[in-house]
Amino acid sequence: MSLINKNEYYLDIPTNQSQKDDQWHPLMLVYHDETGFDRWKGEPWALTVLYRFGGFSPWQRNASYFDHTSPRFSSFYGAYLVQHKQTPELGFGFDKDGNFDPDQWISVTEYDQRFLVMPSMGLNPENVTFDIEIEKIESDVTYVGRKGWTQIDASIFTNSPQHVYQKHQRGYLQYGNPLPPQEGHADFEIIKLYGRFYAIFEKEYELSLGLYLLAPDREILEQIDREELSRMILPEW
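Numbering of the sequence shown is given in my numbering, commencing with residue 95 and proceeding in unit increments.
The reader is advised that the hints may include incorrect statements.
Pair by pair, the computed Cβ-Cβ distance ranges are [as the list claims (entries may be wrong)]: (1) P196 with V238: 32 to 42 Å; (2) K230 with E321: 16 to 26 Å; (3) P120 with S324: 29 to 39 Å; (4) P274 with N218: 14 to 24 Å; (5) G192 with K261: 40 to 50 Å; (6) D191 with Q260: 27 to 37 Å; (7) G239 with R133: 28 to 38 Å; (8) R155 with N193: 44 to 54 Å; (9) N99 with S214: 15 to 25 Å.
By construction, these hints were calculated from the structure, which means they are not laboratory data. A virtual CB, placed ideally from N, CA and C, is assigned to each residue, including glycine.
The whole structure should be built from the sequences, with the hints applied where relevant.
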């Protein structure tokens, strides 16, 4: 059971489908990870991921997620919900005094890329690159009507999704068939992306919440934040 249903934490991330050139997948998708994340962390943490990626234009078999000419290339946005299975009052990504721990939250994004996204397209986890350079951490941010967020802006060096099709992978059911890299470029080569993260501990629900977005340049990152992620509606306390 997802942490949304388990905790009756029904957040809403509206999809801005009125824009004809939106190029996002039409739905906000949900994936619940009950055992993989806790094995990786060595602690009983449950993880639920909400995500939306660069989607399909009419008559295309490849998502814009694969297209390096698209503003949605290698882009995601959504939310992470994390909760301790045995001691839910422990806030993931925050110490006992409520201080923010960036390394913990970065590990969620790394887990997502290393063990969920890239392996779904055939790249083994040990071959996934995920390096991050934090550019800014800002505390006590007010966002989507809630005070007390911590915001991280960062550069991320990770694998491009572009690669030559060899055999069917389960990720193709979502993203369509992959687009090959440009001439002279390798499959899954390392690219630079820009990321933003907002984190908060929802004490009333004993639930840690992280909002994230990933984009190919800063201007697009700001656009995604302004037009998509910031339209989220959180449950009232």
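Against the structure, the hints come out as follows:
Hint check: P196 to V238, Cβ distance near 20 Å, so the stated range 32 to 42 Å is violated. Separated by about 21 Å at the C-beta atoms, K230 and E321 satisfy the suggested range of 16 to 26 Å. At roughly 19 Å, the beta carbons of P120 and S324 sit outside the given window of 29 to 39 Å. Separation of P274 from N218 is about 19 Å and conforms to the stated range, judged on CB atoms against 14 to 24 Å.
One distance hint, 40 to 50 Å for the beta-carbon pair G192 and K261, holds here, with the actual separation near 48 Å. Against the hinted window of 27 to 37 Å, the Cβ-Cβ separation of D191 and Q260 comes to about 50 Å, which falls outside the hint. Taken as a hint, the range 28 to 38 Å holds for the pair G239 and R133, whose Cβ atoms sit roughly 36 Å apart. For the pair R155 and N193, the beta carbons lie near 47 Å from each other, so the given range of 44 to 54 Å is met.
Our hint of 15 to 25 Å for N99 and S214 holds, since their Cβ atoms are close to 23 Å apart.
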